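Line by line, the protein sequences are chains R and P. Every letter in the first sequence is one number past the one before it in our numbering, and letter 150, counting from 1, is 150. Every letter in the second sequence is one number past the one before it in our numbering, and letter 166, counting from 1, is 166.
This list has only true hints and no planted wrong ones.
The list cannot tell twin chains apart, which means a pair is met if one copy fits it or any two copies do.
No more than 25 Å apart at the CA atoms, straight line, and that leaves these computed lysine-lysine pairs for DSS-like:
no., residue 1, residue 2
1, LYS166, LYS155
2, LYS241, LYS208
3, LYS241, LYS263
4, LYS129, LYS263
5, LYS162, LYS208
6, LYS208, LYS248
7, LYS166, LYS208
These are computed hints drawn from the structure, not numbers from a lab. What you are looking at is a predicted structure, and each value in this text was computed from that prediction instead of being measured.
There are 2 protein chains.
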Amino acid sequence: MKPIDTLAILGVGLLGGSIGRAAIERKAARKVVGIGRRPAMLAAAERLGAATETTTSIEMGVAEADLIVVCTPVDRIVDSVREVARFCPEGALITDVGSTKREIVRQLGGKLGRNVRFLGSHPVAGSEKSGVDQARGDLFEGQRVILTPTRSTKKADVELLKRFWKSLGAETIAMSPERHDQIFAAVSHLPHLVAAALAGSISASDLKHAAAGWLDTTRVASGDAELWTPIFSTNRDGVLKALARFEKTLTLLRDAIERDDGKALTRLLTAAKRNRDALGS
Amino acid sequence: MKPIDTLAILGVGLLGGSIGRAAIERKAARKVVGIGRRPAMLAAAERLGAATETTTSIEMGVAEADLIVVCTPVDRIVDSVREVARFCPEGALITDVGSTKREIVRQLGGKLGRNVRFLGSHPVAGSEKSGVDQARGDLFEGQRVILTPTRSTKKADVELLKRFWKSLGAETIAMSPERHDQIFAAVSHLPHLVAAALAGSISASDLKHAAAGWLDTTRVASGDAELWTPIFSTNRDGVLKALARFEKTLTLLRDAIERDDGKALTRLLTAAKRNRDALGS
Chain R
1 MKPIDTLAIL GVGLLGGSIG RAAIERKAAR KVVGIGRRPA MLAAAERLGA ATETTTSIEM
61 GVAEADLIVV CTPVDRIVDS VREVARFCPE GALITDVGST KREIVRQLGG KLGRNVRFLG
121 SHPVAGSEKS GVDQARGDLF EGQRVILTPT RSTKKADVEL LKRFWKSLGA ETIAMSPERH
181 DQIFAAVSHL PHLVAAALAG SISASDLKHA AAGWLDTTRV ASGDAELWTP IFSTNRDGVL
241 KALARFEKTL TLLRDAIERD DGKALTRLLT AAKRNRDALG S
Chain P
1 MKPIDTLAIL GVGLLGGSIG RAAIERKAAR KVVGIGRRPA MLAAAERLGA ATETTTSIEM
61 GVAEADLIVV CTPVDRIVDS VREVARFCPE GALITDVGST KREIVRQLGG KLGRNVRFLG
121 SHPVAGSEKS GVDQARGDLF EGQRVILTPT RSTKKADVEL LKRFWKSLGA ETIAMSPERH
181 DQIFAAVSHL PHLVAAALAG SISASDLKHA AAGWLDTTRV ASGDAELWTP IFSTNRDGVL
241 KALARFEKTL TLLRDAIERD DGKALTRLLT AAKRNRDALG S
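If we strip away everything but chain R, and leave its shape as in the complex, we get (with noise of 0.2 Å):
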């Protein structure tokens, strides 16, 4: 891929910053500006390598560059978009690395002016943890990018997308928003409350005795709370189906130890351990 000249980041933490990284390590954009409102991050961002430059100032940080990737917590996406297509170069597009994406693409379609154009990116990487400090540049090497274009969206505009994440070690799929939401309902936002709920119910005592599984269970739970409120809000049906459909398996189990119904506990479970057994450990 040729590469992009100016790539412009808004928000440095996890995500950001690996993207940063990975795009100088891998040569993927000339310069990438480090946009943020804390200084003291904008500084580790340049000196663990996220970006060539940085700045508190959206508009400055903007202003020259091809690609930017909106990296703010998900309920603030749709107003970082905005404010970066009022300073952008004519023609620039935008993308994101939301975790939903239908209320985002919804409220941001086509209305964007002066050719800028939005095209949803979520990155199915991260982890528990947050911070620049944590940023990596191998973050999306082998990972997916779930890309989420419209009826509106340019084909072109898929193509250069699909280019920058491959240029970062990711694979793209494309899919429409609603279906984006539905899925990482399933397999990502309900087990996130499914193990806050483990998390939080358990007793200071009994929590001592914890051990592997428990951890396992509970890992996700670690996620900072306040970027996964507006990931709730903004997938608030998606979520409720799929708790609603885990709601319905949890009863048949509850159900079957009650009765103390030995065959339909083990089916149940033989059931669950299959779809998991699917994809590895």
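Let chain R serve as the given structure and place chain P on it in line with the hints.
Just chain P now, kept in the frame of chain R:
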């Protein structure tokens, strides 16, 4: 510790095989007799260094044993211990590795005769894997083993088992069978149930998109269904109580999402994160 002369292990799967390997590698017993029903499994146990000799006969296998560790599934432990007690030398000590303790200890309490005693153990080790080929001599290193003495337990037996497990690299703590089952309902059995409900309720098309978070949260659901069914059945009260607490917290989370109450949701997620972060990654 003075090594045990003859250690007998009934059931040489993951746990029994690991006990045998650890005892042989650490010279904690002069002879390690592996007892099982399937000759192929016994041959594998000898080949893998999990037993110095093997037999399909309980009567022959325990005839000279000073300590017998019963590693059969939870719903067979009581019968296994009673059978071992018929044939083992007078004065021998029997223990087990069952994940639930209240039912087992209640049924076995002080009824074995001929000065043969049972004292329950639960090594908090193992994994979603199973089978003697997964056995490891270091499985218990740094791990915890719960001993569940009752009022009729002899102090000398607690001391003997403490030394035995310590000689395999583990540390021991003692508590009542009732307290044990409450704790493990919360830290192990409930997480297994919840992981099974997650893994069991996902659609095939969503499953293809599962990534690290889903894999962590559902990992324990790979456990053998035949082993887990009797765990739930013998700790029904504990599991149902832990499940009720979980569902209460999950309902609070759902209500906050339904009402779009970001403050309440953040507060609940933060409380969960605090519990999870207390235990490291």
